[in-house]
Structure formats: C-alpha cells, structure tokens
Amino acid sequence: MKVVKGLYYSEDHEWVKVEGDEAYIGISDFAQHQLGDIVYIELPEIDDELEKEDDFSAVESVKAASDVYMPVSGKVLEVNEDLLDSPELLNSDPFESWIVKIELTDKSQLDDLMSSEEYEEFTSEEA
Amino acid sequence: MDGKKTRLYEEHKNLGAKIVNYAGWEMPVQYEGLVQEHNAVRNEAGLFDVSHMGNISVKGKDALPFLDYVMTNDISKLNEHQIVYTFMCYPEGGVVEDLLVYKTNDEEFNLIVNAANIDKDWDWINEQKKDFDVELENLSPETAIIAIQGPKAQEILQKLTETKLDDVKFFYFKDDVEIDGVKTKMISRTGYTGENGFEIYLTNDDVVKVWNSLLEAGKEEGLKPTGLGCRDTLRFEAMLPLYGQELSKDISPLEAGLKFFVKLNKESDFIGKKALQAQADGGLERTLVGFELLGRGIPREGYEVYKNGEKIGHVTTGYMSPTLNKNIGNALIKISEKELGNEIDIMIRKKPVKAKIISKNFLKNK
Numbered sequence: 332m333k334v335v336k337g338l339y340y341s342e343d344h345e346w347v348k349v350e351g352d353e354a355y356i357g358i359s360d361f362a363q364h365q366l367g368d369i370v371y372i373e374l375p376e377i378d379d380e381l382e383k384e385d386d387f388s389a390v391e392s393v394k395a396a397s398d399v400y401m402p403v404s405g406k407v408l409e410v411n412e413d414l415l416d417s418p419e420l421l422n423s424d425p426f427e428s429w430i431v432k433i434e435l436t437d438k439s440q441l442d443d444l445m446s447s448e449e450y451e452e453f454t455s456e457e458a
Numbered sequence: 041m042d043g044k045k046t047r048l049y050e051e052h053k054n055l056g057a058k059i060v061n062y063a064g065w066e067m068p069v070q071y072e073g074l075v076q077e078h079n080a081v082r083n084e085a086g087l088f089d090v091s092h093m094g095n096i097s098v099k100g101k102d103a104l105p106f107l108d109y110v111m112t113n114d115i116s117k118l119n120e121h122q123i124v125y126t127f128m129c130y131p132e133g134g135v136v137e138d139l140l141v142y143k144t145n146d147e148e149f150n151l152i153v154n155a156a157n158i159d160k161d162w163d164w165i166n167e168q169k170k171d172f173d174v175e176l177e178n179l180s181p182e183t184a185i186i187a188i189q190g191p192k193a194q195e196i197l198q199k200l201t202e203t204k205l206d207d208v209k210f211f212y213f214k215d216d217v218e219i220d221g222v223k224t225k226m227i228s229r230t231g232y233t234g235e236n237g238f239e240i241y242l243t244n245d246d247v248v249k250v251w252n253s254l255l256e257a258g259k260e261e262g263l264k265p266t267g268l269g270c271r272d273t274l275r276f277e278a279m280l281p282l283y284g285q286e287l288s289k290d291i292s293p294l295e296a297g298l299k300f301f302v303k304l305n306k307e308s309d310f311i312g313k314k315a316l317q318a319q320a321d322g323g324l325e326r327t328l329v330g331f332e333l334l335g336r337g338i339p340r341e342g343y344e345v346y347k348n349g350e351k352i353g354h355v356t357t358g359y360m361s362p363t364l365n366k367n368i369g370n371a372l373i374k375i376s377e378k379e380l381g382n383e384i385d386i387m388i389r390k391k392p393v394k395a396k397i398i399s400k401n402f403l404k405n406k
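If you read the protein sequences in the order shown, they are chains A and B. Sequential numbering of the first sequence, starting at 332, is according to my numbering. Sequential numbering of the second sequence, starting at 41, is according to my numbering.
Hints in this document: simulated from the structure, not taken from any laboratory. One should not assume that every hint holds.
[Claimed, not checked] Here are the computed distance ranges between Cβ atoms for each label pair:
no.: 1; chain 1: A; residue 1: SER455; chain 2: B; residue 2: GLU341; range: 31 to 37 Å
no.: 2; chain 1: B; residue 1: ASP42; chain 2: A; residue 2: ASP442; range: 34 to 40 Å
no.: 3; chain 1: B; residue 1: LYS44; chain 2: A; residue 2: GLU434; range: 34 to 40 Å
no.: 4; chain 1: B; residue 1: PRO191; chain 2: A; residue 2: GLU434; range: 51 to 57 Å
[To be verified] Short derived list, chain B residues pointing at chain A, Cβ under 7 Å:
no.: 5; residue: GLY73
no.: 6; residue: LEU74
no.: 7; residue: VAL75
no.: 8; residue: ARG229
no.: 9; residue: GLY269
no.: 10; residue: ILE338
no.: 11; residue: MET360
[What the hints assert, rightly or not] Which chain B residues face chain A? A few, computed with CB under 8 Å, are given here:
no.: 12; residue: GLN70
no.: 13; residue: TYR71
no.: 14; residue: THR273
no.: 15; residue: ARG340
no.: 16; residue: PRO362
no.: 17; residue: ARG389
In this text, all values refer to a predicted model and were calculated from it rather than measured experimentally. We put the beta carbon where it would ideally sit given N, CA and C, even for glycine.
Kindly generate the complete structure, drawing on both the sequences and the hints.
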C-alpha cells in the first residue's frame, strides 16, 4: 500500500496536501483499495463552507457507496471535475486525484491529523 | 467475530479473494474485481462457491401433500427429478422463504434454501408438519454446492463428465453424476445469474477437488472464480429476487410481481392462500417496479422514493448495472404510480434525483 510522505492523513483515510493557506484533499491508496473499482463520485459545490467531519463527497463502487469526510474545515475553492467522467482515476492514482481544493479555516486542525509515518502504522494495524 | 467457513475457504484465499461476512459465513465477495467477474459470467463462465446455502431433506409417505400445504407453487405437478421455484408464506401472505424444491419421487424431496434463513425455515416447517407423516433432516452442514454459470458453462463441465449434459433439461437434476472421477450427489440445470449453467451438489470432502478441476478445465474458455458481489448484480439484472430485499415477511410474492409462482387454483389448500387470494382480488396496494435514474447517482437498497413530494416507497435493490452501464433499480411503490414512463424521485443523500419507471426485465430490453 502506497503512502506519500509530506501529506497529512485522517483516520477515515483522506489525505491533505497543504500549500500555504490552501489544501488539496483526496482519498488514500488504502481507501481506494478497500472500495474496489470506483464507478461514481459526487462532488461538493464551489464556495461550500464545510466543517471538519462533514461528508462532502461520496465515492461509490458497484457494490457500495462510501461517504468522504472533511479532515479539516474549509471553503471549497475548486473541485476536480475530471473525476466526474473518470472516477477510476481514484483507483489508478489516488494521490494525484485530489477531490477538492479548499481554503483552510483553521490551520491548527492539521495537528489532529496523522503524519505519513503514523498513517502507515495505522493502516498496517487496520489491514 | 469469525464466521463459518466453507471447505473452499483456503482456495478462495489463495485465489486472492476479498472475504466478507455474509449471513454468518466468511465468503468471497470478489477475486479480481466485481465487474470483470460479472462480465465473465455474461460472456464466458464463472464458478461460485454457494456451499453456505441450506439443504433440507423431506421424506415420507406424506411428503408430497405436506409440501403442497406449505408451498405456494403446485408441487403435485412436478415430474421426478424436476425442480420448481416456490415460496413458503405466512398466513398473512408475507414470505417465510423463497426456495427451490427438488423432487426425487413422491416421497423424497430436497429444499434448497437461503443461507440466512436455514434456522428459520427449519423451525417453520417443523411447526407445520403436525399430522403429516414426514421426516425432516437438515443436510446443510454436509452439503457443499458450487455453481458454474455462463454461456460456456456446459462446454466446460462436459469436458469432465461422461454424462450427456444436454439430457439435463432446464430445472431438472440428475443423481450421482461423476465429475473428473468424483461421484457427486447431483447436478441441476439451475442458477441465480440469468445465464445457462449448473449447480453441483457434493460432499465437503470432494468439493475442493471438483472446484480446482473445473477452474483448470475452463481456463481456455475464460472461466473465472466469481464472488458474491457479482452474484448479486447478475441476479438483479436478470429480475431474480433476493430474500430480505424484494421479498420478506412484510412483502408478499404478489407485491413482488411473482404471482406466477403462487398457484391459487391448485387442488391443495396452502398456508397464506386466503391472504394472497384477497390481494389477487384487488387488495394490492404496492408493487415492485424497475426504474432508471435520469439524473446523476447510483440508487441503493433502502433509498426512499417520492412523487410530487410524497413518499411512495423504497428502493429494494439498485446498482450501476455492469451489463447495461446504466443506473437502475427495483423499487416497491404505491401501485397507482407503477405506469411505465412515470417520473419519480429517488432520494440520494437527502436530495431528490429524477428517475423513470421502466420494465424490470432489464436484460430483455437492452
């Protein structure tokens, strides 16, 4: 299972890539693997103000739907519309396939997330 | 909590299966991928372990009248070695179980039932047998079952047996068929996928050998091990109901659109007849329909169905259909809303998404 260094990770298997006061959010390799072939994604609207732990997206395989939760609070700046036509990108390249780009509301929330090393250990326990 | 394991469990692990708990059993939900496996069954062939399913033997002088009393279909019309799909109903018309009845002769039958319902079915038929001279035996623990399904299924199975498979007609079975030197209990031309194929009943001790022989024999034809994930998408596309979703204690066969398997005019009285007759005489308030989503989303079991802001029912099964590449489902709705083309709303994550009613015979209309 691939874990990219330098990102923050949540226990719900989202990753956060911080760039200044902004961040990209996606799902981890572990998450896409658990879901299987992803055939559908639902995206939030631009300008949505989302709280930490809100479900902001849904990712679905043929078998099941799975909510994606905000690892931190923020305002949606961009959504990755390429995923609407090609949700399978979440399987093939989960760390490049960001779902939303947000403006961080409270950077201190990042402290509650895991580092790549911590996440690696976390997933090895869950697997 | 660890579930029960079929004798093929280690084979599944070695084939890379993802294991899930289903009805108390540790079963393969998929191996290489649900969609690939689904397509293998539609185009070539797939091999399923369905050993979790139940097998109850009914023997005795009154076996036939007893079964005609507990079953909705007409068991008296069965030929020897013929199989019938039927329901056991409650007096109120709801369904105890949907099952297959295999007739060996007038005094010997086998009931093949859902894994999740074995205990309930066993209790139910024992309660009903009262004055009937029948002997019941739960053979489930000692019965292994594998299903080979798909357009190439017969060709593959034929390589391993001297029995002329053409002679085993649809919904008939044959005893003691030898497969790769192993004497099975029986094979039947039945399945749960909408494709041609066979179900093979054998002992736990023999199942690993036959499973592996079949996978080997079917390599050229593209036979794949196939999991419960695609079993559900396949049966759904083929308009085959699943107990607990399309049928239940609270959903009658008539509401599910399966009146064909309820013989209200058969000679014998049967449990549930009065209630079902009343429904047939115009008392039906709900019915099962097919629908296709017009907006974005995938319908799922349990989602609510609305029309003009009023709740009219719920989704019983829904998928992005791998064969049709459409988002379709079955819903149990108010009967007045059932017309083909009627537009309804499916509530997906609290938002209404437009859908229209279509025939639930999804494959025939592709």
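Structure-based check of all given hints:
Remark: the range hint 31 to 37 Å for SER455(A) to GLU341(B) is upheld by a beta-carbon distance near 33 Å. Our hint of 34 to 40 Å for ASP42(B) and ASP442(A) holds, since their Cβ atoms are close to 38 Å apart. Between LYS44(B) and GLU434(A) the beta carbons are some 51 Å apart, a value that contradicts the proposed interval 34 to 40 Å. In this structure the hint that PRO191(B) and GLU434(A) lie 51 to 57 Å apart at CB holds, the actual value being about 55 Å.
For GLY73(B), the shortest C-beta to C-beta distance to chain A is roughly 6 Å, which falls under 7 Å, so the interface hint holds. With 7 Å as the threshold, the beta carbon of LEU74(B) comes within range of chain A, its nearest partner Cβ sitting at about 5 Å, so the hint holds. With 7 Å as the threshold, the beta carbon of VAL75(B) comes within range of chain A, its nearest partner Cβ sitting at about 6 Å, so the hint holds. A least Cβ separation of about 28 Å between ARG229(B) and chain A goes past the 7 Å threshold, and the interface hint is therefore violated.
At its closest, the beta carbon of GLY269(B) sits 5 Å from a beta carbon of chain A; the interface hint therefore holds under the 7 Å criterion. For ILE338(B), the suggested interface contact is upheld, since its CB lies about 5 Å from the closest CB of chain A, less than 7 Å. Satisfaction of the interface hint for MET360(B) is found here, the shortest Cβ-Cβ separation to chain A being roughly 5 Å, below the 7 Å cut-off. A hinted interface residue such as GLN70(B) counts as satisfied when its beta carbon comes closer than 8 Å to some beta carbon of chain A; here the least separation is about 7 Å, so the hint holds.
Evaluation of the TYR71(B) hint against chain A yields a violated restraint, the C-beta minimum of about 11 Å exceeding 8 Å. Because the smallest distance between the Cβ of THR273(B) and any Cβ of chain A comes to about 6 Å, under 8 Å, the interface hint for this residue holds. For ARG340(B), the suggested interface contact is upheld, since its CB lies about 6 Å from the closest CB of chain A, less than 8 Å. Hint status for PRO362(B) relative to chain A: holds, with the closest Cβ pair at about 6 Å, below 8 Å.
Interface restraint check: ARG389(B) against chain A, minimum CB-CB distance 6 Å, threshold 8 Å, status holds.
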